[in-house]
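Student: We have chain A already, so just place chain B on it with the hints.
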Amino acid sequence: MKIHEFQAKELLKKFGVPIQDGIAIKDMNDFDSAISNLQSRGLNQFVVKSQIHAGGRGKGKLFNPNNHDELVLEGGVKFTTSAEKAKEYASKMLGNLLVTHQTGADGKIVKTLFIAEGLDYIKELYLGILLDRSVSKNVIMAATEGGVEIEKVAEETPEKILKEWIEPSVGLQNYQARKLAFGLGLEGAAFKSFIPFIMKLYKAYEETDASLLEINPLIITNDDRVVALDAKMNFDDNALYRHPDIYAYRDLDEEDPLEIEASKYNLNYIKLDGNVGCMVNGAGLAMATMDIIKLAGGEPANFLDVGGGANKETVANGFKIILADPNVKAILINIFGGIVRCDRVAQGVIDAVKEINVSVPIVVRLEGTNAELAKEMLENSGLNFEVARSLQEAAKKVTSVLDTVAV
Amino acid sequence: MSILLDKKTRVVVQGITGIEGSYHTGQMIEYGTNVVAGVTPGKGGQKFEGTKVPIYNTVAEAVKVVKANASVIFVPPSFAADAILEAANAGIKLIVCITEGIPARDMISVYNSLKGKGVTLIGPNCPGLISPGKAKIGIMPGFIHREGKVGVVSRSGTLTYEAVKQLSDLKIGQSTCVGIGGDPVIGSQFVDIIRLFNNDPNTDGIVMIGEIGGSAEEEAAAFIKKNVLKPVVGFIAGRTAPPGRRMGHAGAIISGGKGTAAEKMAAMKKSGIYVVESPAEIGITMKKALDKIKSKKKVKVVSKKKKAVKKVVLKKKSKKK
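Heads up: the sequence lines are chains A and B, in that order.
Residue numbers are given in the numbering used here: position 47 of the first sequence equals residue 47, and the series is strictly consecutive.
Residue numbers are given in the numbering used here: position 71 of the second sequence equals residue 71, and the series is strictly consecutive.
Don't take every hint at face value.
To be verified - To be clear about the criterion: a stretch of chain B counts as covered by chain A if any three or more of its residues have a C-beta under 8 angstroms from a C-beta of chain A, and this derived list gives those stretches: (1) 137-146; (2) 150-156; (3) 181-187; (4) 230-240.
What the hints assert, rightly or not - Quick list of in silico lysine to any residue cross-link-like pairs, SDA-like style, CA-CA up to 25 angstroms: (5) Lys269(B) <-> Glu155(A); (6) Lys93(B) <-> Val135(A); (7) Lys396(A) <-> Lys171(B); (8) Lys163(A) <-> Tyr111(B); (9) Lys171(B) <-> Arg389(A); (10) Lys2(A) <-> His53(A); (11) Lys225(B) <-> Lys270(B).
No wet-lab data here; the hints were simulated from the structure.
Only a predicted model underlies this, so the values are computations on that prediction, with no experimental measurement involved.
Where is the CB? At the ideal position from N, CA and C, for every residue including glycine.
Same shape as in the complex, but just chain A:
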């Protein structure tokens, strides 16, 4: 699960990690009180930050959501010393469409702003914590090149990225923190404040079951403080049951409405841009089926794993979700019935098609227990199925179906 910057900072603050502070607003009516709150703390420079679940906000562009050609503002993160200017920026961000290199051309509507303190700093660094799967340990990565430069560093000079692997039985050690601080070239007060910073940050990562914690940039202020200027946190979905407070940060506005709908039916659905919908049991087979669609000359319209029990309800719900996407021109159902019997799946498919008016051609491939019987049932159902036994045959039928659709 992903959360917003302001939420991540809220969490980090609880762990005592120094952050760039601010106030989140969802409505321009709350802007004045947010600014006066910051001013009352003696702050006189501000940063207005768009809150969306995608990176590259600073270099992004804001457009009118009703007219994607109308550029409203360059930059989804703006610094200013004037409260009036901050208000102008805020009004140009809130409710408009932010397009960054990570959002794709469709962009994301900005529904929340983080009005933050503007800090003067002498250095921008990079810090990231995540699982290194090759050794099954968490790793802290740090680099002297913070901000947007880190992608360049990772690509061109990956050896410049410092890494410390954490032994799970003992946790992050002080010598590792020192090693990172020395590696980053920190001295004096900055060095001293970095050590507790990274210890607390790692504690926050571990105790919240985060799967990614990225501080980019981490700044050294003019007065030698170490502060998280930005914060990005992702969480392990398997561990959310331990963190109802974090789960409450889930923002449905950031998710695809069809994917939300699918999750209500316990279906694992991801919308893609293609023309052939698919319904499969098992994630690996689902991906392989998408690959087959591509090889057959189509483009997968989705990933959909219906899990173990492919009965009438799951299949019917699957059809509803797939057909809600207007791009779908054909559907491929690929179920490997191991424990679940193919004749039962076939009955489910037949019932579901009768119940829902499926207007596009359907290729069905059922393999496993009672596959022969299932094939007969589908062929004698009086419905318009293209029935295949092998994966190879299914691919050929998808190709021929696409040919007819194209004509």
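Tutor: Using the frame of chain A, we list chain B on its own:
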């Protein structure tokens, strides 16, 4: 022969009284697996569903009383890490964890504490393993398998069944099929299983089925290039998956351009693996690879002289280049 598991393996089922656990215990016994005990804390003293299989409160009892030496875990995700550690500390050397949804933090601790203790952990979030005709520990449908000499190792469930079915339909049997699981932290990697297949005199070929994400396939490719002479057929699922998206398995996520299908397939091809573009061609490709070896062997047997002549001819050819 087979790897890790045969008819003699003495299996204890952790979570034997749960819905999943009891159903699959029945299936395993039916297949011929030597299930010697079950464990459900608080239900010790009972027998499993009309059988003689005793249920104990702890794995340690099952090891002590009925000499269990392998365990399969069906307990819910929040108890699974504890169940793995219990089995390991009771002296079980093969632990198969079927449970899906274990937090990564728990698995990081478990994985690192088991390291160096001689325990083989398969999974979690996996279908388990089967030595066809002998025994199965897991949830895979037994009937699609066929006894034989090809080893199968895979990160996925139903896609493995697909590959196995293709092999069996071509009358290519399997020595052992291992589903290593799709989670970010798993007990055994491709390399661990491929090493066992490579050392097994009764495994003639290996099928490996990977997925996008991580670098386990690349590591396996490097190992194969260095150590494996048996033919290896490989497939990577997820060529069409968009970057940065999670596709069901936590493992199947590509971030920052790393672990893409294209990268993995390139690394595997470089290592001499027969990489198939289509998942429908796994079986047939293995058949061709095995046939190739057979014909080579025949040449060897028929005449060593002929082969020597051939070599000379080949050398000449290569000189011309």
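Student: Assess, step by step, whether the Cα of lysine 2(A) is no farther than 25 angstroms from the Cα of histidine 53(A), and give holds or violated.
Tutor: 7 angstroms, holds
Student: Is the Cα-Cα distance between lysine 396(A) and lysine 171(B) 25 angstroms or less?
Tutor: 24 angstroms, holds
Student: Are there three or more residues in the segment 150-156 of chain B whose C-beta lies closer than 8 angstroms to some C-beta of chain A?
Tutor: n = 3 at 8 angstroms, threshold three: holds.
Student: Are there at least three residues in the segment 230-240 of chain B whose beta carbon sits under 8 angstroms from a beta carbon of chain A?
Tutor: holds (count 5)
Student: Under a C-beta cut-off of less than 8 angstroms, do 3 or more residues of the segment 137-146 of chain B approach chain A closely enough to confirm the stated coverage?
Tutor: Our answer is that it holds, as 5 residues pass the Cβ test (under 8 angstroms) against chain A, meeting three.
Student: When you check the alpha-carbon spacing of lysine 269(B) and glutamate 155(A), does it fall within 25 angstroms?
Tutor: 24 angstroms, holds
Student: Under 8 angstroms between beta-carbons, do enough residues of the segment 181-187 of chain B, three at least, approach chain A for the coverage claim to hold?
Tutor: Since three or more residues must qualify, the claim that chain A covers the segment 181-187 of chain B holds, with 3 doing so at under 8 angstroms.
Student: Hint check: lysine 171(B) vs arginine 389(A), CA-CA at most 25 angstroms. Holds or violated?
Tutor: Holds, at about 17 angstroms.
Student: Compare the distance between the alpha carbons of lysine 93(B) and valine 135(A) with 25 angstroms, and conclude whether the hinted pair is satisfied.
Tutor: 21 angstroms, holds
Student: Holds or violated: are the alpha carbons of lysine 163(A) and tyrosine 111(B) at most 25 angstroms from each other?
Tutor: 21 angstroms, holds
Student: Holds or violated: are the alpha carbons of lysine 225(B) and lysine 270(B) at most 25 angstroms from each other?
Tutor: 8 angstroms, holds
No hint from the list above goes unmet by this structure.
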